[in-house]
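Take these sequences, add in the hints, and give me the full structure.
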Amino acid sequence: MSESVAFHSLPYADWHDALAVFAPFANEPWALLLDSAGAEHPNSRFAILLRQPDKTYTYTHDALNEATGDDPFTFLSQWLPARSEQSIANEDIPFQGGLAGLFGYDAGRAIERLPAHQKRDLPIPDIAVGFYRYALVIDHKLKRVTAVTPAECKVSPSEFWTASTPHFSRFHLRSSWQSNLSETQYHARINQIHDYLRAGDCYQINLAQRFAADFAGHPWLAYVALRDANQAPFSAYFNLPEGQILSVSPERFLEVSPSGLVETRPIKGTRPRYADPRADQASKEALQASAKDQAENLMIVDLLRNDLSRVCQPGSVHVPELFKIESFHAVHHSVSTVRGQLAPTENALTLIKAAFPGGSITGAPKIRAMEIIDELEPHRRSVYCGSIGYFSQHGHADTSITIRTLCAADQTLYCWAGGGIVIDSDAANEYQETFDKVARILPVLAELSGPLSLSTK
Numbered sequence: 037m038s039e040s041v042a043f044h045s046l047p048y049a050d051w052h053d054a055l056a057v058f059a060p061f062a063n064e065p066w067a068l069l070l071d072s073a074g075a076e077h078p079n080s081r082f083a084i085l086l087r088q089p090d091k092t093y094t095y096t097h098d099a100l101n102e103a104t105g106d107d108p109f110t111f112l113s114q115w116l117p118a119r120s121e122q123s124i125a126n127e128d129i130p131f132q133g134g135l136a137g138l139f140g141y142d143a144g145r146a147i148e149r150l151p152a153h154q155k156r157d158l159p160i161p162d163i164a165v166g167f168y169r170y171a172l173v174i175d176h177k178l179k180r181v182t183a184v185t186p187a188e189c190k191v192s193p194s195e196f197w198t199a200s201t202p203h204f205s206r207f208h209l210r211s212s213w214q215s216n217l218s219e220t221q222y223h224a225r226i227n228q229i230h231d232y233l234r235a236g237d238c239y240q241i242n243l244a245q246r247f248a249a250d251f252a253g254h255p256w257l258a259y260v261a262l263r264d265a266n267q268a269p270f271s272a273y274f275n276l277p278e279g280q281i282l283s284v285s286p287e288r289f290l291e292v293s294p295s296g297l298v299e300t301r302p303i304k305g306t307r308p309r310y311a312d313p314r315a316d317q318a319s320k321e322a323l324q325a326s327a328k329d330q331a332e333n334l335m336i337v338d339l340l341r342n343d344l345s346r347v348c349q350p351g352s353v354h355v356p357e358l359f360k361i362e363s364f365h366a367v368h369h370s371v372s373t374v375r376g377q378l379a380p381t382e383n384a385l386t387l388i389k390a391a392f393p394g395g396s397i398t399g400a401p402k403i404r405a406m407e408i409i410d411e412l413e414p415h416r417r418s419v420y421c422g423s424i425g426y427f428s429q430h431g432h433a434d435t436s437i438t439i440r441t442l443c444a445a446d447q448t449l450y451c452w453a454g455g456g457i458v459i460d461s462d463a464a465n466e467y468q469e470t471f472d473k474v475a476r477i478l479p480v481l482a483e484l485s486g487p488l489s490l491s492t493k
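Using our numbering, you'd call the opening residue of the sequence shown number 37 and step up by one each time.
Source of the hints: derived by calculation from the structure; they are not laboratory data.
Careful: at least some of the hints might be erroneous.
[What the hints assert, rightly or not] Okay, derived cross-link-like pairs now, DSS-like style, lysine-lysine, Cα gap no bigger than 30 Å in a straight line: (1) Lys179 - Lys190; (2) Lys360 - Lys328; (3) Lys320 - Lys360; (4) Lys360 - Lys177; (5) Lys320 - Lys177; (6) Lys179 - Lys360; (7) Lys190 - Lys91.
Set out below in C-alpha cells:
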C-alpha cells in the first residue's frame, strides 16, 4: 500500500527559486534536484527537490550479476505499491514519495547480454536510486509550493528545507577539453557504421564521443552556469557519494500518469540556433524540410512503438505527433510523441525495463546497435544516454534521457555528444553536429575558467 503522506503549502514568493532552496543541500549525499529550468517550455512546470532518502540502492553490472541473473528493475518494483494499491491524494502533486535517481546507460546490461569491449573507467554506479519520503514540489504554472512529508512527520517543512548556504569554491577547468576520439577516428568509425548498415545489421546506429577536462572547485557552480545557458526542461543535479551528475537534458524518456497513460517523446534531428533571427529561422526550416532527419526520427518512433507495445494494452499505442520542431536555447530539435495505455499487470518500472535504454540514443534494431556501440566507442557511456527521474508511489512517473549530461568524478568532468548515423549520413556533418549539441556546455564552462581550448587530437 502507499505510505501515508501529508501536504504542506508554502508561500510561492518565498520558495519558488529552486536553486536558492537547493543550494544548501547541494553537497549532501543523495540530494537530488529535478529541475524544470526552461521557463518557456511546456514541460517546464515543476521543480522537485529531494533529500535524505530513507534507503538507497546502487547496482553496477558485472560478471557476477550476469551469472546470477540479478534483475534490479524487479527488485526495485518491490519498493513501490502494486497499481491496485496506489492511492492518489492530490493529482496536481506529481511526486508523493517514492523512488528517484539515476539509471545509467549500462543498466541495460542487466536486461540484455552485451559484449564488454569498452573500458569501464568511471566510479558512478549503473543504477543509483533512493526512496524519498520528503520532497519540495514547486509548481511554476499554478505558482504553488508544496512540501511532501510522511504523515507522522514531526519536523516543520520550512525547517527541513532551510539551511545556511555553504561556501562553494570557485569552479574552474584546469585543463583543456580532450575528446576520446580524434576527428579522423570519428570519421573512421562512421565508415565502419556505414559498412554495418550496408550489410543489413542495422538501419541506424548512434555514435558518441566523450570529452573530459580536469577541474577544481565545486560542480554545483558549474551546474548553475549550465542551467542558465541551456534552460532545459529536464535538467537535474544529483550529488552521489561517487560523484556529481549535471544534466541539462531537453528530452523526456517516459512519463506515466496514475491512470497508466504512457508518453515518450524521442528527439531525432538537430540544427544549431543563431543570434540573427533570419539565420535562426532558416536553420529551423532546414530541419523541418530534412527528409534524412525525418527518416531517422521515424525509425526511432517505430522502435519505441514496439517497446511500448510490450507492456501496453493491445491497440493503445499511437503517434499523435510526428516531426514537431521544438526550439531550445542551444539548438532546434525534431520531436515526436508516442502514447499508449499501460496494461493492468504492468507498472512504471516494468515499462522502463521494456524500453531501456531509449531507442533515440541507440539505433535500430536496438540490441544490434548497442553491440556495435560497444565495439566502436572507446569507453562505456556510464550516465550518458541513461535516464534520471522519479517513480511516485501514487503511480506517476517521469524520466529524462540523459543527453547534454555531465558527470564529475575524481576531479575530472566528463561530457558526451553523439548522433544517429544512417546510410546517407555525411561524416563531416555528423561530427559537427556533436559540437552543435554541446555549444552551450563546453564553452560555458571554459568561460568560467579563462582561456582554455578544445582538443580532439
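Do the hints match the structure? See the list:
1. Note on Lys179 and Lys190: the hinted pairing holds, with a Cα-Cα distance of about 26 Å set against a maximum of 30 Å.
2. Taking the CA atoms of Lys360 and Lys328, the gap is about 15 Å. The hint holds against a cut of 30 Å.
3. Only pairs whose Cα atoms come within 30 Å are accepted, and Lys320 paired with Lys360 is accepted, the gap being roughly 11 Å.
4. Under the criterion of a C-alpha separation no larger than 30 Å, the hint pairing Lys360 with Lys177 is consistent with the structure, at around 23 Å.
5. Taken as a hint, the Lys320 and Lys177 pair is honoured in the structure, with Cα atoms around 28 Å apart against an allowance of 30 Å.
6. Proximity of Lys179 to Lys360 is assessed by CA-CA distance (about 28 Å); at most 30 Å being required, the pair is judged to hold.
7. Under the criterion of a C-alpha separation no larger than 30 Å, the hint pairing Lys190 with Lys91 is consistent with the structure, at around 19 Å.
Violated hints: none; the structure is consistent with every hint.
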